[in-house]
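> Residue numbers (the working numbering), protein chains in the order written: chain A, 1 to 433; chain B, 1 to 263.
Among the hints, a few may not be true.
[Said to hold, decoys possible] When the alpha-carbon atoms are kept at most 30 Å apart in a straight line, the in silico DSBU-like pairs for lysine-lysine are as follows:
1) B/K128 / B/K150
2) B/K72 / B/K110
3) B/K197 / A/K311
4) B/K150 / B/K121
5) B/K28 / A/K246
6) B/K197 / B/K110
7) A/K311 / B/K128
8) B/K121 / B/K104
9) B/K72 / A/K311
10) B/K129 / A/K311
11) B/K72 / B/K197
12) B/K28 / A/K428
13) B/K72 / B/K29
14) B/K255 / B/K28
15) B/K150 / A/K428
16) B/K28 / B/K235
17) B/K121 / B/K110
18) B/K72 / B/K128
19) B/K150 / B/K197
20) A/K246 / B/K29
21) B/K121 / A/K311
22) A/K428 / B/K121
23) B/K150 / A/K311
24) A/K246 / B/K72
25) B/K104 / A/K246
[As the list claims (entries may be wrong)] To give an idea of the chain B side of the interface with chain A (calculated C-beta under 7 Å), a few residues:
26) V92
27) K121
28) I122
29) S188
Quick caveat, the hints were computed from the structure, so don't treat them as lab data. Every residue gets a Cβ at the ideal spot worked out from N, C-alpha and C, and that includes glycine.
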Amino acid sequence: MNNSASPTAPATGKRPASGHGHRPTRTPEFERRLARRYRAERNFKRMGQAAIVFSIAVLVFLLGNMLINGIGGFQRAELSVEIDFRESGLTGDETSLTAPSSAKVLELQGLPEIVDRYAQRSLGAAGAEQLSADAWRDIAAALADDPGLIFGRETFELAASSDLAAGLADEGSPEMQALADRLQGEGVLSNNWDLGFLSRSDATSPQQVGIWGALKGSLLTMAITLALAFPIGVLSALYLEEYAPKNRWTDLIEVSINNLAAVPSIIFGLLGLAVFLSIFPNYRSAPLIGGLTLALMTMPVIVISGRNAIKAVPPSIRDGALAVGASPIQVVFHHVLPLALPGILTGTIIGMARALGETAPLLMIGMRAFVATPPDGFTSPATVLPVQIFLWSDEIDRGFVERTSAAIIILLLFLLAMNGLAIYLRNKFEKTW
Amino acid sequence: MTLIHESIQHDRGAKMIARDVSVYYGSKKAIDDVSIDISPDYVTAFIGPSGCGKSTFLRCFNRMNDTIPAAKVTGQIELEGEDIHGNAMDVVQLRARVGMVFQKPNPFPKSIYDNIAYGPKIHGLGEKKADLDVIVERSLTRAGLWEEVKDRLDDSGTALSGGQQQRLCIARAIAVDPEVILMDEPASALDPIATAKIEELIDELSGRYAIVIVTHSMQQAARVSQRTAFFHLGKMVEYGPTSDIFTNPIEERTKDYITGRYG
Chain A
1 MNNSASPTAP
11 ATGKRPASGH
21 GHRPTRTPEF
31 ERRLARRYRA
41 ERNFKRMGQA
51 AIVFSIAVLV
61 FLLGNMLING
71 IGGFQRAELS
81 VEIDFRESGL
91 TGDETSLTAP
101 SSAKVLELQG
111 LPEIVDRYAQ
121 RSLGAAGAEQ
131 LSADAWRDIA
141 AALADDPGLI
151 FGRETFELAA
161 SSDLAAGLAD
171 EGSPEMQALA
181 DRLQGEGVLS
191 NNWDLGFLSR
201 SDATSPQQVG
211 IWGALKGSLL
221 TMAITLALAF
231 PIGVLSALYL
241 EEYAPKNRWT
251 DLIEVSINNL
261 AAVPSIIFGL
271 LGLAVFLSIF
281 PNYRSAPLIG
291 GLTLALMTMP
301 VIVISGRNAI
311 KAVPPSIRDG
321 ALAVGASPIQ
331 VVFHHVLPLA
341 LPGILTGTII
351 GMARALGETA
361 PLLMIGMRAF
371 VATPPDGFTS
381 PATVLPVQIF
391 LWSDEIDRGF
401 VERTSAAIII
411 LLLFLLAMNG
421 LAIYLRNKFE
431 KTW
Chain B
1 MTLIHESIQH
11 DRGAKMIARD
21 VSVYYGSKKA
31 IDDVSIDISP
41 DYVTAFIGPS
51 GCGKSTFLRC
61 FNRMNDTIPA
71 AKVTGQIELE
81 GEDIHGNAMD
91 VVQLRARVGM
101 VFQKPNPFPK
111 SIYDNIAYGP
121 KIHGLGEKKA
131 DLDVIVERSL
141 TRAGLWEEVK
151 DRLDDSGTAL
161 SGGQQQRLCI
171 ARAIAVDPEV
181 ILMDEPASAL
191 DPIATAKIEE
201 LIDELSGRYA
211 IVIVTHSMQQ
221 AARVSQRTAF
231 FHLGKMVEYG
241 PTSDIFTNPI
251 EERTKDYITG
261 RYG
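Given these sequences and hints, build the entire structure.
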């Protein structure tokens, strides 16, 4: 060693270089190298910051765009029609109006014609034509909600036709724009918040559509997915980590599960089509089949995250439990599983969020049908949020553009809520050791 | 091969005996034909340089080596005349009778109370809460921890200091009322004051339980044990009264280790 200074030498090192040679950390080359190292570090930091700024910009653009479009999607053009029930000739009382068949009875009593007559009075002949032909159903529903209305005079906000809605947005044909301007000037046409969007289902007109059918379809599908994928995934992960011998077969299973997680989702759709629909041919487009298919896709994600969470439980905890005489299953259920739960739950929710946003496999099993009523159960025809978005984005009518954005906002809110839940559960159950 | 001092051959009947025990990790032989009697009256220390197999041998006594898939144990180990690998004894039962304390304190991430009550609960020793309360207090008292934690039994066991955690682990081991306590370098992760407390505790517990302690600190072995076995390269080289081993070792390798020539 040529630079072996004695331990008692002063650290400042002001001693002249002796015959023992130069000190490699005091040379100009070393200082240049040091400056280069710091420069590289600064550059790396800047690149990282640039990447973050870029991602945030993209996200803000995306969300901003959705929000601006989507706000329109939660509104619709409505016409005000005043109806005086006292002179309409309609009859009815509390029991008849709240009966399930009240709409039918009111139709027989000529409610559609009455609505048309009052619409002509409020809006003029051209305006009344732009009232949707089904507008009387809204009034029937309002009467069923509040039978007292039939003894008085009431102003209803009824959906305008999509042509008139386009006119109100200064698009579409010049005649419609002129009509929309006139009606708006008279104060009988306006864009109102459309809370019904959250409670209606798919329809042919963008003025009549709602998201509830798809939302309920998504919820039912997710319930099936969770009920299947969670127990199967967690049990597989526990068995593979805690019980299975480490040999060629378990290696093969591990590789297969990792591959399964990487399989494109549309392949799972084909599998669902080939397997589940041949077993249950009558349940095409039902949440049951959709849930089964998505469970196949979600399960490997849960197995992988579950195994990682179980692996992260320190072996010393297992040893401690075994040493006081816990049986292997007690070790698993009293110690390993509770400690791994936050990780397992996080993985599950991320897997579920992915399944919630999945479109392709559901298209394969026929969940793209036009479904105008919310599903009653797991076996009735349904659609789901992302498929609904896909279907609406394909529509020609301009009104669907905003409705699509609104549906995307609902989907994003749903995803956000799930991720929030994941974070909450992780923090709640996380323990330190 | 193993040199056993004559004076200990008059010890009272052994609590545990091992005969021709070998442990293999795959094809590697970690313990080579070791036979030893564990006295119920004394603290037995296993000493030796790192990697000599003393911890591996200790883990044979409560079959903790079962958890290592590659490990294979041959030979005979008996607890009060019963073969611990035999059909008559279940491994869960064995571990309830032969407790263990590990090198690194490993309390469960549960409350102090639950840490102690866990063992009695799974073995059905305390059916009622009141029974468990008694066991918890008695175990913590014996482990010298009761006064320090009696007001915060609901706090997490992991919130205690390192030395307290280790005493909690000792309390956890004695809560199921074992006959033997195995300690695998119980103080190696602790500071000198906490170490002194643990050693004091071992002293108090000896006699009530047969205690086997693995340590790489010769001073610790000299302080807490009455019987010492010296291990080297998987073999038990010499076994005898601690005072003899430290003052008057017979084997050359023991002498070299005791005098700090290697290890």
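> Keeping to a limit of 30 Å between CA atoms, is the pair of B/K150 and A/K311 held or broken?
violated (34 Å)
> Is the hinted pair B/K121 and A/K311 satisfied, with a Cα-Cα distance of at most 30 Å?
Holds: B/K121 and A/K311 sit about 26 Å apart, inside 30 Å.
> Measure nothing beyond the straight line between the CA atoms of B/K150 and B/K197; if it is 30 Å or shorter, mark the hint as holding.
holds (18 Å)
> Decide if the proposed pair is consistent with the structure: B/K150 and B/K121, CA atoms, cutoff 30 Å inclusive.
holds (20 Å)
> Hinted pair, alpha-carbon criterion (30 Å max): B/K129, A/K311. Please report holds or violated.
violated (34 Å)
> Is the interface hint for B/K121 satisfied, with its Cβ closer than 7 Å to some Cβ of chain A?
violated (9 Å)
> CA of B/K72 to CA of B/K128, is that 30 Å or under?
violated (40 Å)
> Is it true that the CA of A/K246 sits at most 30 Å from the CA of B/K29?
Satisfied, since the Cα-Cα distance of roughly 21 Å is no more than 30 Å.
> Assess, step by step, whether the Cα of B/K150 is no farther than 30 Å from the Cα of A/K428, and give holds or violated.
The hint holds at about 27 Å.
> Does B/K72 lie within 30 Å of A/K246 when you go C-alpha to C-alpha?
Cα-Cα ~16 Å, so holds.
> Does the CB of B/S188 sit less than 7 Å away from some CB of chain A?
Violated - the Cβ of B/S188 stays beyond 7 Å from chain A, reaching only about 14 Å at its closest.
> For the pair supplied as a hint, B/K28 and B/K235, confirm whether the alpha-carbon distance does not exceed 30 Å.
holds (13 Å)
Going down the numbered hints, you'll see the structure goes against 2, 3, 7, 10, 11, 12, 18, 23, 27 and 29, while the others check out.
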